[in-house]
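K.L.:
In order, the protein sequences belong to chains B and H. When you line the first sequence up against the numbering used here, it's residues 1 to 257, in that order. When you line the second sequence up against the numbering used here, it's residues 1 to 269, in that order.
Wrong hints could be hidden among the right ones.
What the hints assert, rightly or not - Below are the DSS-like pairs computed for lysine-lysine, each with C-alpha atoms no more than 30 Å apart in a straight line:
#1 B/K128 <-> B/K90
#2 B/K111 <-> B/K90
#3 B/K111 <-> H/K25
#4 H/K25 <-> B/K91
#5 B/K91 <-> B/K128
#6 H/K25 <-> B/K128
#7 B/K181 <-> B/K111
#8 B/K90 <-> H/K25
#9 B/K111 <-> B/K128
#10 B/K91 <-> B/K111
As the list claims (entries may be wrong) - Pulled from the structure, derived: some chain B residues nowhere near chain H, Cβ distances all over 10 Å:
#11 M1
#12 P3
#13 E6
#14 R8
#15 G30
#16 S31
#17 S60
#18 S135
#19 V168
#20 T174
#21 H192
#22 G216
#23 A223
#24 R224
#25 Y225
Claimed, not checked - Going by beta-carbon spacing under 10 Å, a handful of chain B positions derived as facing chain H:
#26 K12
#27 A19
#28 G77
#29 E96
#30 F101
#31 L156
Honestly, the hints are just simulated from the structure, not real lab data. Every residue gets a Cβ at the ideal spot worked out from N, C-alpha and C, and that includes glycine.
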Amino acid sequence: MTPAIEVRDLVKRFDAVEAVRGISFTVARGSTCALLGGNGAGKTTTLSMLLGVLLPTSGSISVLGEDIERHRYRVLGRMNFTSPYVDLPKKLTVEENLRMFARLYGVGDMKGRIAALAAELDLADILKRAYGALSAGMRTRVSVAKALLNEPELLLLDEPTASLDPDVGDRVRTQLMVYQKRTGATLLLASHNMPEVERMCDTVLMLRAGRIVDSGAPAELIARYGRSTMEEVFLDVARRPERTVERGPDEVRLERE
Amino acid sequence: MSSPAALSLRRIYAMVLRHLYLFRKSWVRVIEMAYWPTMQMVLWGFIAQFLATNSSWVAQVPGLLVSALLLWEVLFRGQLGVALSFFEELYARNLGHLFVSPLRPLELVAAMIAVSFFRTAIGVGTAIVLALVLYHYSIFDLGVPLVTFFANLLVCGWAVGLMVAALVMRYGLAAENFAWGAIFIAAPISGIYYPVSVLPDWLQAVAWCLPTSHVFEGMRAVLLEKTFLWREFWTAVGLNALYMSAGIALFLGAFNGARRRGMLLQIGE
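Turn these sequences into a full structure, and let the hints steer you where they fit.
P.N.:
Rendered as structure tokens:
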């Protein structure tokens with residue numbers, strides 16, 4: 001079976017700035033992989049290229065066995081995305097938002113699917129409320145519901161639990177893991193939340209200045225760096241001095257993260 | 001490449017529905033659609049009534065200015081409807097979700113056009129009823145040619161609306177004021193309230209490049225001479241085909257440019 005994601009020599013240049021510098025990786029189907037890195041490491045740029053909303057300068061991306069550039073619309077219906085930085089229409093109710101996206105994704109039993117997600121994500125009481133009137137935690141749950149509407153084979157998550165309190169964050173993580181176990185979907189997340197990465201991910205890709213500087217299972221990385229948590233590994237990688245001189249001040253300023 | 005022509009009515013309907021949800025719960029938005037056409041109608045209607053007793057040219061046909069005004073509103077509302085439908089997505093910071101869904105840019109264009117039609121019908125429809133009540137003038141007296149005038153002006157408005165949306169996709173919301181002003185560039189030279197022949201020769205040459213000039217000349221011919229000018233009609237159709245193609249090409253070009261620059265997830269912020 002082809003990998004869920006196969007990236008070869010991917011480069012993204014914004015004028016003089018190389019935000020992603022020739023990265024290659026694969027993500028196995030049914031696995032959970034994290035893109036880890038500090039601000040400006042290239043995580044969101046990479047996610048955007050995987051979604052086809054950002055054109056690479058060079059390199060190739062295959063998603064669910066399809067070339068994302070050549071067959072973008074064929075594959076977009078089989079994947080989904082959520083990010084706290086992209087909103088849903090605030091004046092529409094939660095139900096209206098979910099109905100709109102259910103139609104866009106061609107969800108068959110729209111009513112049934114929305115009811116099921118409302119039950120799973122505890123949204124039943126807020127279905128008739130305007131999205132804009134919800135708290136950050138509720139909005140995130142609605143966003144996750146939108147991302148699960150089409151039962152995606154590949155789910156891209158940009159900081160899925162950012163700005164959530166620990167309880168809501170935990171519930172969202174649990175829900176995503178339950179969904180993955182039930183459907184065998186592949187999850188790729190960009191996150192700054194190290195405990196989340198440790199708990200959810202099979203593989204971690206450590207990004208820095210647009211390059212993959214290390215990769216492996218969380219336990220492997222922790223052992224390799226002689227640390228006790230991913231947070232310590234992250235700090236080791238982030239503070240490695242020899243790498244920081246590679247980028248000038250303009251590059252730091254212009255990074256897309 | 002995935003075929004951009006493989007459009008889905010279901011996805012277009014989803015996007016139309018998104019705006020209908022909005023209108024259904026916001027009477028302010030619906031009233032706003034009718035407000036300006038109504039104000040224009042009241043103002044110009046009374047001016048026309050006054051001129052009818054003081055100008056032999058206007059007095060020939062009492063509905064001349066009112067017809068011109070209503071048709072101008074079709075053009076303006078058509079353009080505004082497309083641009084504002086796009087802006088709604090920017091204000092909501094929703095474009096990122098839309099463009100990672102299977103929604104094709106051409107489907108979004110089709111939905112914006114459908115919503116524009118709806119908005120124009122509400123806005124201009126209210127003004128038409130008001131013209132009937134206040135001045136006992138029915139624009140439907142223009143007969144079948146009215147349909148051709150409406151259609152040509154709507155298409156022209158949509159083309160300009162798409163160009164404005166493309167401009168905003170390229171330069172961000174700083175360019176949104178073009179939505180309110182862009183079409184007025186055409187107003188003085190479209191021969192809305194006076195014949196194109198009153199313009200200087202060089203400006204007439206520019207005016208005849210606009211579909212709007214041919215529509216308003218056609219309107220005057222129907223009202224003053226009871227003649228439908230097929231030549232004006234077909235010229236307007238041809239020019240509209242060009243303008244609409246340019247509008248769609250610019251919108252798709254701006255979309256691809258935004259993909260290159262990584263703006264699709266960020267536009268509106």
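K.L.:
For B/V168, is the shortest CB-to-CB distance to chain H above 10 Å, so the non-interface label stands?
P.N.:
21 Å, holds
K.L.:
Would you check the hint for B/K181 and B/K111, treating anything up to 30 Å between C-alpha atoms as holding?
P.N.:
23 Å, holds
K.L.:
Hey, does B/G30 actually stay past 10 Å from chain H on C-beta?
P.N.:
22 Å, holds
K.L.:
Taken at face value, is the distance from the CA of H/K25 to the CA of B/K90 at most 30 Å?
P.N.:
Given that 30 Å is the threshold and the Cα spacing comes to 12 Å, the pair holds.
K.L.:
Given the hinted pair H/K25 and B/K128, is their alpha-carbon gap at most 30 Å?
P.N.:
12 Å, holds
K.L.:
Is the claim that B/M1 lies outside the interface with chain H correct, judged by CB distances over 10 Å?
P.N.:
Given a closest Cβ separation of 23 Å, the condition holds.
K.L.:
Regarding the pair B/K91 and B/K128, is the alpha-carbon distance no greater than 30 Å?
P.N.:
11 Å, holds
K.L.:
Is it the case that B/A223 keeps its Cβ farther than 10 Å from each residue Cβ in chain H?
P.N.:
The claim holds: B/A223 sits with its nearest Cβ about 36 Å from chain H, beyond 10 Å.
K.L.:
Is it the case that B/P3 keeps its Cβ farther than 10 Å from each residue Cβ in chain H?
P.N.:
Nearest chain H Cβ is 20 Å from B/P3, so the label holds.
K.L.:
Within 30 Å, alpha carbon to alpha carbon, are B/K111 and B/K128?
P.N.:
Roughly 14 Å separates the two Cα atoms, so the pair holds.
K.L.:
If I take the minimum Cβ distance from B/T174 to any residue of chain H, is it greater than 10 Å?
P.N.:
24 Å, holds
K.L.:
Once the closest CB in chain H is found, is it more than 10 Å from B/R8?
P.N.:
20 Å, holds
Checked against the numbered hints above, the structure violates none of them.
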